[in-house]
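Enquirer: For reference, the chains in residue letters:
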Amino acid sequence: MIETVDVIKSFNDKLVLKGISTVFEKGRTNLIIGQSGSGKTVLLKSLVGLHDVTSGEIFYDGRSFNKMGRKDRKALRQEIGMLFQGSALFDSMTVEENVRFPLDMLTNQSLEEKTARVNECLDRVKLENANRKLPSEVSGGMQKRVAIARAIALNPQYLFCDEPNSGLDPRTSIVIDELIHEITHEFNMTTIVNTHDMNSVMGIGEKIMFIYEGEKHWEGTKDEIVHVQNEQLEDFIFASKLFQKVRENSK
Amino acid sequence: MKVFFHIGRYTLFVKKVFGRPEKHTVFLKQIVREIDKLGIDSVGIVLIISFFMGAVVTLQTAYNIDMPIIPRYTIGFATRDSMLLEFSSTIVGLILAGKVGSNIASEIGTMRVSEQIDALEIMGINSASYLVLPKMVAFVLIIPFLVIISMGVGITGGYIAGSVTGEVPSADYIYGIQYSFQPFFVVYSLIKGMVFAFIISTASAYWGYHARGGALEVGSASTTAVVTSSILILLFNLILTQLLLA
Chain A
1 MIETVDVIKS FNDKLVLKGI STVFEKGRTN LIIGQSGSGK TVLLKSLVGL
51 HDVTSGEIFY DGRSFNKMGR KDRKALRQEI GMLFQGSALF DSMTVEENVR
101 FPLDMLTNQS LEEKTARVNE CLDRVKLENA NRKLPSEVSG GMQKRVAIAR
151 AIALNPQYLF CDEPNSGLDP RTSIVIDELI HEITHEFNMT TIVNTHDMNS
201 VMGIGEKIMF IYEGEKHWEG TKDEIVHVQN EQLEDFIFAS KLFQKVRENS
251 K
Chain B
1 MKVFFHIGRY TLFVKKVFGR PEKHTVFLKQ IVREIDKLGI DSVGIVLIIS
51 FFMGAVVTLQ TAYNIDMPII PRYTIGFATR DSMLLEFSST IVGLILAGKV
101 GSNIASEIGT MRVSEQIDAL EIMGINSASY LVLPKMVAFV LIIPFLVIIS
151 MGVGITGGYI AGSVTGEVPS ADYIYGIQYS FQPFFVVYSL IKGMVFAFII
201 STASAYWGYH ARGGALEVGS ASTTAVVTSS ILILLFNLIL TQLLLA
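So the protein sequences, as listed, match chains A and B.
Under this note's numbering, the residue at position 54 of the first sequence is numbered 54, and the numbers go up by one with no gaps.
Under this note's numbering, the residue at position 135 of the second sequence is numbered 135, and the numbers go up by one with no gaps.
If you are wondering where the hints come from, they were derived from the structure by calculation, not from laboratory data.
Take these hints with a grain of salt, some might be off.
[Said to hold, decoys possible] Taking lysine to aspartate or glutamate and the EDC-like style, the derived pairs with C-alpha atoms no more than 20 Å apart in a straight line are:
(1) K45/A <-> E213/A
(2) K45/A <-> E215/A
(3) K16/B <-> E107/B
(4) K126/A <-> E186/A
(5) K45/A <-> E97/A
(6) K45/A <-> E107/B
(7) K23/B <-> E112/A
(8) K23/B <-> E219/A
(9) K45/A <-> E121/B
(10) K45/A <-> D118/B
(11) K207/A <-> E234/A
(12) K23/B <-> E79/A
(13) K29/B <-> D104/A
[What the hints assert, rightly or not] Residues from chain A that face chain B, not an exhaustive set, calculated with beta carbons under 7 Å:
(14) V48
(15) K74
(16) R77
(17) Q78
(18) M82
(19) F84
(20) G86
(21) A88
(22) P102
(23) L103
(24) M105
For each residue, glycine too, the CB sits at the ideal point set by N, CA and C.
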């Protein structure tokens, strides 16, 4: 479980996060939704320590992330896996080397053990016969799957996904969403997905938080979201004709 | 004021670069790879530049010394000392600031804008140390060899140019390059080369590491890296000359 208490983040004079307090639950797919520029990515990067928060606190299963020393923070980071918007694979390394990288750097396993773990992770994301390929030689969807395999290589407790469907076709988006959802339940992880894709919301959103201009405007489940009475959230959800029809049908 | 900001941030960056490597076996492999990429791949350009520099210095000296009281061996002597004192370290340093500096800045800058550096940080890896320390160590280790190659090839270039044009008799040139030889000049040149290698690798990595945006900003970081490295090389050339030769 990850808890944020009144998290404020500003860049110079610009206030981006205006006191976010919420709980991201363990074993569930927690979604952060909002328009572009609403502060989703800043919140996600603040949660993992890529941005230092201006004030407020972040707790990882009761452990205060802000008050942690360097050593503890480093140890905690090894419990974190992250899937970046552009996959962030090391482009000079093969698929296998990318997935093995955290094992090479942070464990003392033998090469056989590491190779076995790499193959296990690649099998889990249903990626076969791609071990020797470079990231540039595989499709965008496959790159995301490699990035997921790399993120779970060290058996993380927490998984962060920044716009996992960015640049993917609808079918592949569903595959990636389902994969994230399955892995979350299989490994009982606290997963936080940052998205503005309503298909993801309706597909895997077990707990959803809506951010508008740096503030938490609403939180609830996917069943509640279509009936919500919130002007900004309604504008966001029903921007597409498809979801307008979903609402009409539900009425 | 911006200069002080960059000096401060560069100092903190270098401190981070000197962080303990995560895995020594990985670190050693990276050093070997970087020696190949930054050093061995630069041998070609060092050979070409040094040969022509030596040849031109010889011919220019020969054409400017036309007084009979100045012996012809002075040409060999002047070529040798020019190569040892200045060309093989400073000019090669400036050329490598362009080749190696832009390579380092664009590589690290691309990693920054494509979130690869963030991915390292998320794993709990000191990204500055992981990416920059092997490059810096490899370049500082390999540059003495490049400087020595440059000296040899430059002096040989002068010999060939002098002989082919008939401006310098071979025996005079060979006597000149042995005349009043001071071994400390080689040490001085190697020290300069190693300092320049440190400057090129860390200053270029600094600009790449702090690049923000996209391809345009990476290109801009690469240009700034070359300009900054070149200016720092010239400045430290002056400082080291005063410290070591005064």
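Enquirer: Does each hint fit the structure? Answer for all of them.
Expert: Structure-based check of all given hints:
1. Simply put, K45/A and E213/A have alpha-carbon atoms about 17 Å apart, close enough for the 20 Å limit, and the pair holds.
2. For a cut-off of 20 Å, the pair hint linking K45/A to E215/A stands: about 16 Å separates their Cα positions.
3. In summary, the hint linking K16/B to E107/B is supported, as the alpha carbons are separated by about 19 Å, within the 20 Å threshold.
4. Taking the CA atoms of K126/A and E186/A, the gap is near 15 Å; set against the 20 Å cutoff, the hint holds.
5. Of the pairs offered as hints, the one joining K45/A and E97/A is violated, with about 25 Å between alpha carbons and a cut-off of 20 Å exceeded.
6. With a C-alpha separation of about 23 Å, the suggested pairing of K45/A with E107/B is violated against the 20 Å cut-off.
7. Taken as a hint, the K23/B and E112/A pair is honoured in the structure, with Cα atoms around 18 Å apart against an allowance of 20 Å.
8. With a C-alpha separation of about 43 Å, the suggested pairing of K23/B with E219/A is violated against the 20 Å cut-off.
9. Taking the CA atoms of K45/A and E121/B, the gap is near 11 Å; set against the 20 Å cutoff, the hint holds.
10. Between K45/A and D118/B the CA atoms are separated by roughly 9 Å; this keeps the pair inside 20 Å, and the hint holds.
11. The suggested pairing of K207/A with E234/A holds, with an alpha-carbon distance near 17 Å, which does not exceed 20 Å.
12. Simply put, K23/B and E79/A have alpha-carbon atoms about 19 Å apart, close enough for the 20 Å limit, and the pair holds.
13. With a C-alpha separation of about 12 Å, the suggested pairing of K29/B with D104/A holds against the 20 Å cut-off.
14. With its C-beta approaching chain B no nearer than about 6 Å, V48/A sits inside the 7 Å limit, and its interface hint holds.
15. For K74/A, the suggested interface contact is upheld, since its CB lies about 4 Å from the closest CB of chain B, less than 7 Å.
16. A cut of 7 Å between beta carbons decides the hint on R77/A: the least distance to chain B is about 4 Å, and the hint holds.
17. This hint holds: Q78/A has a C-beta 5 Å from the nearest C-beta of chain B, less than the 7 Å allowed.
18. Interface hint at M82/A: satisfied, since its Cβ lies 5 Å from the closest Cβ of chain B, which is below the 7 Å cut-off.
19. Contact between F84/A and chain B, as hinted, is supported at the beta carbon level, the nearest pair being about 5 Å apart and thus within 7 Å.
20. The beta carbon of G86/A is positioned within 7 Å of a beta carbon in chain B (closest approach about 6 Å), and the interface hint is therefore held.
21. For A88/A, the shortest C-beta to C-beta distance to chain B is roughly 4 Å, which falls under 7 Å, so the interface hint holds.
22. Hint on P102/A holds. Least Cβ distance to chain B is approximately 5 Å, under the 7 Å limit.
23. For L103/A, the shortest C-beta to C-beta distance to chain B is roughly 10 Å, which exceeds 7 Å, and the interface hint is violated.
24. Taken as an interface hint, M105/A checks out: its beta carbon lies about 5 Å from the nearest beta carbon of chain B, inside 7 Å.
Of the hints listed earlier, those the structure fails to meet are numbers 5, 6, 8 and 23, in rising order.
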